[in-house]
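**Q** Listed below, chain by chain, are the residues.
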Amino acid sequence: MAYQKVEVKKPLPLIVLPYISVIAFFGLWEMAVRTGFIPDTLLAAPSTVVQTFVDKLSNINPDGATLGQHAWTSIQEAFIGYGLSLLVGIPLGLFMGWFKVVEGLCRPIFELIRPIPPIAWIPLTVFWFGIGLTGKVFIIWIAGIVPCVINSWVGVRMTNPTLIQMARTYGASDWQIFKQLCIPSALPMVFGALQLALTYCWTNLVGAELLAADSGLGYLITMGGRVARPDIIVLGMICVGISGAIIGFIIDEIEKKLLAGIRR
Amino acid sequence: MSNNIANETIDHSRNKEAWTLKRVLTNTYFLNVVSLVLFFLLWDYVAKERIFHDSLARPLDVLNQIITLVSIKYAGSTLWGHIWASTQRVLIGFFIAAVIAVPLGLFMALNSYVNAIVKPLFDLFKPMPPIAWVTIAVLWFGIGETSKVFIIVIGSFVPCLLNAYNGVRLVEPELYDVIRVLGGSRRDQIFHVCFPASFPAVFAGLQISLSVAWTCVLAAELTNSRAGLGFLIKRGMDTHKPTLVLGGMLLIAAAAWLTSQGVGILEKKLCPWKRSIENL
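Which chain is which? The protein sequence lines are A and B, in order.
Read in order, the letters of the first sequence are residues 0 to 263 in numbering that gives the first Met the number 0.
Read in order, the letters of the second sequence are residues 0 to 279 in numbering that gives the first Met the number 0.
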């Protein structure tokens, strides 16, 4: 029998208020710029931003690439760095959680590197790899690896001790316990890391592009600042926000599909 | 191996084990020392062999650079001045954000009308990385202190608010029931259950905010500033001095670590009821 859906009635104001608040926000923003309360050299009205958006889809001025190209550069960098950090970080975290030797060897270095904000690596990566793809991928990799390692480590550590004892009683080897018990029980935490790492990667991508880049959404924002076009800055910020939100949503859906049935 | 989590009852009596080679080799402290020594040796080797040409400094050179900065003024102030410039910005921004965001988050979770008004706006701004605000902050406030503090406030606002909000929402409903059975009012529920139970989450949010704040101050200082640790790194980048860059990185890591320890101590003092995961 299918579950019966329980409908909770919300009072009318609670349904309407969110829409009102968003509309009021955009309305006030538009009004403030239109009436000159905030000069248009400081902030662009939403309508101007939409116009710029349509324009930038095909126009390469003033920063040398269309919006699509910028977005593509950013997404490419983000995904290569993100993929690499998952590839290295999750196994490393899992091993660190279970094998004492790995933990002893990797933890001090990890603790040393962890508090350095990834953006601080930018000058060094510029020295080492130039301002191309490699440098940014490196920064994003560093940014994404920290939550991956921590979450998979904690995930293994939080394995139910009773289960481990039981496996020991039945004569399972260390490796068997790790493979068949610790990894599955760490999975929800690991998936938590996917979201977290993505946020970190996306934030630091923007930072990397603000400082050292020749294309990408962060570069679009910088150029908007350099030519004093607030509409381009706001457009860049909104694009970064929206694309981050979309990628986050996709990962959330994948997570739901893969983790269906595992209690969180 | 991993006895401390595999056994729920831990045998505290110490029985002496013989110092076998295997036991020495798998000792945690021994491994820690080995890994750090290897790390610095590798770093030194890579720098000495000039694999990255002259773009990586040897560890001792970096240390020397830091010591020099302590005594000699660089760009108008000594090292302490630069550290203080950055720390001051972080603390001001962090404080403003915490003072606004935590009460707002708690309020949002307690009152559905406030939630209905603020949440959609918050969701609009949430996915925007704080660093993306750097450019527009400069446009609005110039390159002085205000723009840097503004970015830090924006950056630390989100985790503070989110954690305060979720902390209240994830309070176990049984606790409310207990208060209700004991005849408490709504006020008692809020002050005796809601706030204490959500404090650990609030503090976790503060910790995240602090690390975000350091990232933000760095981004702001790298783009434009005349003092601060980010300025040292930027100057090192412009004049191609890897010692300065690496020194700045290490100092900012140390400063970030120290402030987060500070918040950790405050947390232990203010909410001792927090249950923490062992060993992390």
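Watch out, some of these pointers could steer you wrong.
Quick list of in silico lysine-lysine cross-link-like pairs, DSS-like style, CA-CA up to 30 Å [said to hold, decoys possible]:
no.	chain 1	residue 1	chain 2	residue 2
1	A	178	B	21
2	A	256	B	21
3	A	255	A	178
4	A	255	A	8
What the hints contain is simulated information worked out from the structure, not anything from laboratory work.
**Q** Could you run down the list of hints and mark each one as holding or not?
**A** Hint check results:
no.	hint	result
1	A:178 <-> B:21	holds (24 Å)
2	A:256 <-> B:21	violated (45 Å)
3	A:255 <-> A:178	holds (23 Å)
4	A:255 <-> A:8	holds (27 Å)
In terms of the numbered hints stated before, the structure departs from hint 2 and from no other.
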